[in-house]
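Asker: Residues per chain, in single letters:
2 protein chains.
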Amino acid sequence: MSTHGWHADASEILRVDSGFRLERLEADSTPGYDGDKHRAAKDLAHRVQELGELQERLWAQSRVDETRHAVLLVLQAMDSAGKGGIVRHVVGGVDPQGVELAAFKAPTDEERAQDFLRRVEKRLPSPGYIGVFDRSHYEDVLIGKVRSLADAAEIERRYDAINAFESRVAASGTRIIKVMLHISPEEQKERLMERLERPDKHWKYNPGDVDERLLWPDYMAAYQTVFERTSTDAAPWYVVPADHKWYARLAVQELLISALQDTDPQWPVADFDVEAEKKRLAAS
Amino acid sequence: MSTHGWHADASEILRVDSGFRLERLEADSTPGYDGDKHRAAKDLAHRVQELGELQERLWAQSRVDETRHAVLLVLQAMDSAGKGGIVRHVVGGVDPQGVELAAFKAPTDEERAQDFLRRVEKRLPSPGYIGVFDRSHYEDVLIGKVRSLADAAEIERRYDAINAFESRVAASGTRIIKVMLHISPEEQKERLMERLERPDKHWKYNPGDVDERLLWPDYMAAYQTVFERTSTDAAPWYVVPADHKWYARLAVQELLISALQDTDPQWPVADFDVEAEKKRLAAS
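Chains H and F, in that order, are what the protein sequence lines are. One rule links them: number in our numbering = place in the first sequence (from 1) + 127. One rule links them: number in our numbering = place in the second sequence (from 1) + 127.
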């Protein structure tokens, strides 16, 4: 994949493998990509066509029951890292009919009384769809661990439960891409400050954001453990440096394209007599 | 609204009022709009900013529980009239996080055993969302009537049930915009033929499309009755000439903007002490 500004395959260079250390990855780096912001905008616009066609092929197959494939993009990050921008600028580039978005907030009392994977299972994408999880079951081993919302044994149990769950989902035909958008605390401070400085951004600010921010090292440690315990062949993690929004968007776009290419979607072949239909239509 | 190529307000000129006759509206006309295809593309791109900001304001309000407003766009049309293009090119211009799409196919056996409005009620947009119905409960008085899937008394009952239902939905804060995309049978023939001529479009073609096409006058009569019985102040119908895709998209964009403007969404005011938070953030 040496097209455009990429000199490496994003799905290889950003993938979490054994030995990965989050603290060694610079949040303002742009692994595998040589271009700047200007070039990135062009590359993003250019590749949206390819992403769109792949998605349409997958969708077309699902309309005639020819595929069991789906794609699930899981987005996790500290606040203001740009999940919303990925949804808007990357996922927003494909036909909305083929996208299923699920934003997971703090669980309700009813959800809390159930197994933590249950509400996630309900929102898995159907064949033909790109599903996007804005936060996910990983909150249950991130804030769940950092804030001690569950005891240590339960957190341990959850890693295994997640792996079993994702393995089953992958085996059913869904390509799972798990992305952590990695920003620096300095960049987060700037972004939160901007929200405070602009009245039209006040609604995006929550005083609780600063409380979470004070636990930054704990969150990074929790993410590191998540990567070690749950980055599997069936459902690998990708850590995407996100201090440069343009890089993060471009990288996630590449990851989506790569996942769709793996499903190798083909235009369905007509199950009717095309020439006979042309005549029937012409006569109508 | 004399901006751009518009010389009339789409939400007035396209609205179905008493005395409306479908057969008098040319499917290749462009009511209220002076521009051509080229200018329309520019106007569409220009207005997407305004649509996007209105949607974001509505969304922002809903995030802080300050609104009960939502928008529901109902799309009805003969096959190939361009519903998908509206979803992709008009609705696709706003943040996908704030959109709830529902495509209604032929009802399942389970749905058929229930009241026809039940599956529709389940998919109504929550406050803050733009909901889009790709087909809707109107199928139950369109194909339902043309194909005699229900008897005449039941069809009669449904018009009243729809009006009562929509009146309740509107009273709860949802702006309802019902759009019929109006194409000519000649234009449909061209579009269906193109699907037959391109292997990558075969999946969009269904031999049943020609069967429905043969019932064109019956469908137009059924639509005319729908307009007469269900175009209400709470939930008006708009008939959008759609032989020119660029006009239909532009017109529906105007209808959405107009509906959002009616809800007059405002950026939420901070419920925290902005200056205190700036200090707390700076110190973090």
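Be aware that one or more of the hints could be misleading.
27 Å max Cα-Cα, derived DSS-like pairs, lysine-lysine [what the hints assert, rightly or not]:
hint, chain 1, residue 1, chain 2, residue 2
1, H, K169, F, K169
2, H, K249, F, K316
3, F, K232, H, K405
4, H, K406, F, K316
5, H, K405, F, K169
6, H, K405, F, K372
In silico contact screen, one side only, chain F against chain H (beta carbon under 7 Å); selected entries [as the list claims (entries may be wrong)]:
hint, residue
7, R190
8, D222
9, A280
10, I282
11, E317
12, L323
13, H329
14, G335
15, V337
16, R340
17, W343
18, Q393
19, W394
20, K405
21, R407
Don't read these hints as lab results, they were simulated from the structure. Cβ atoms here follow ideal geometry from the backbone N, Cα and C, with glycine treated the same way.
Asker: Work down the list of hints and note, for each, if the structure agrees.
Answerer: The hints, checked one at a time:
Distance hint between K169 (chain H) and K169 (chain F) is fulfilled; the C-alpha atoms sit about 20 Å from each other, no more than 27 Å. Proximity of K249 (chain H) to K316 (chain F) is assessed by CA-CA distance (about 41 Å); at most 27 Å being required, the pair is judged violated. The straight-line distance between the Cα atoms of K232 (chain F) and K405 (chain H) is roughly 25 Å, inside the 27 Å bound, and the hint therefore holds. Distance hint between K406 (chain H) and K316 (chain F) is fulfilled; the C-alpha atoms sit about 12 Å from each other, no more than 27 Å.
Pair hint K405 (chain H) plus K169 (chain F) does not hold up; C-alpha atoms about 36 Å apart against a cutoff of 27 Å. About 23 Å separates the Cα atoms of K405 (chain H) and K372 (chain F), which keeps this hinted pair within 27 Å; it holds. The interface hint given for R190 (chain F) is met, as the beta carbon of that residue sits about 6 Å from the closest beta carbon of chain H, less than 7 Å. Proximity of D222 (chain F) to chain H holds as hinted, the smallest CB-CB distance being about 5 Å (cut-off 7 Å).
Taken as an interface hint, A280 (chain F) does not check out: its beta carbon lies about 32 Å from the nearest beta carbon of chain H, beyond 7 Å. Violation of the interface hint for I282 (chain F) is found here, the shortest Cβ-Cβ separation to chain H being roughly 26 Å, above the 7 Å cut-off. For the restraint placing E317 (chain F) at the interface with chain H, the shortest Cβ-Cβ distance is roughly 10 Å, beyond the 7 Å limit, so the hint is violated. With a cut of 7 Å, the hint placing L323 (chain F) at the interface with chain H holds, because the nearest CB-to-CB distance is about 5 Å.
Below 7 Å, beta-carbon pairs count as interface contacts, and H329 (chain F) has one with chain H at about 4 Å; its hint therefore holds. Nearest Cβ of chain H to the Cβ of G335 (chain F): about 10 Å, over the 7 Å cut. The hint is violated. For the restraint placing V337 (chain F) at the interface with chain H, the shortest Cβ-Cβ distance is roughly 5 Å, inside the 7 Å limit, so the hint holds. Interface hint status for R340 (chain F): upheld, as the beta-carbon distance to the closest one in chain H is roughly 5 Å, under 7 Å.
Interface restraint check for W343 (chain F): the shortest CB-CB distance to chain H comes to about 9 Å, outside 7 Å, so the restraint is violated. Below 7 Å, beta-carbon pairs count as interface contacts, and Q393 (chain F) has none with chain H, the closest being about 10 Å; its hint is therefore violated. Contact between W394 (chain F) and chain H, as hinted, is supported at the beta carbon level, the nearest pair being about 5 Å apart and thus within 7 Å. Interface hint status for K405 (chain F): upheld, as the beta-carbon distance to the closest one in chain H is roughly 5 Å, under 7 Å.
At about 5 Å, the closest approach between the beta carbon of R407 (chain F) and any beta carbon in chain H falls short of 7 Å, and the interface hint on this residue holds.
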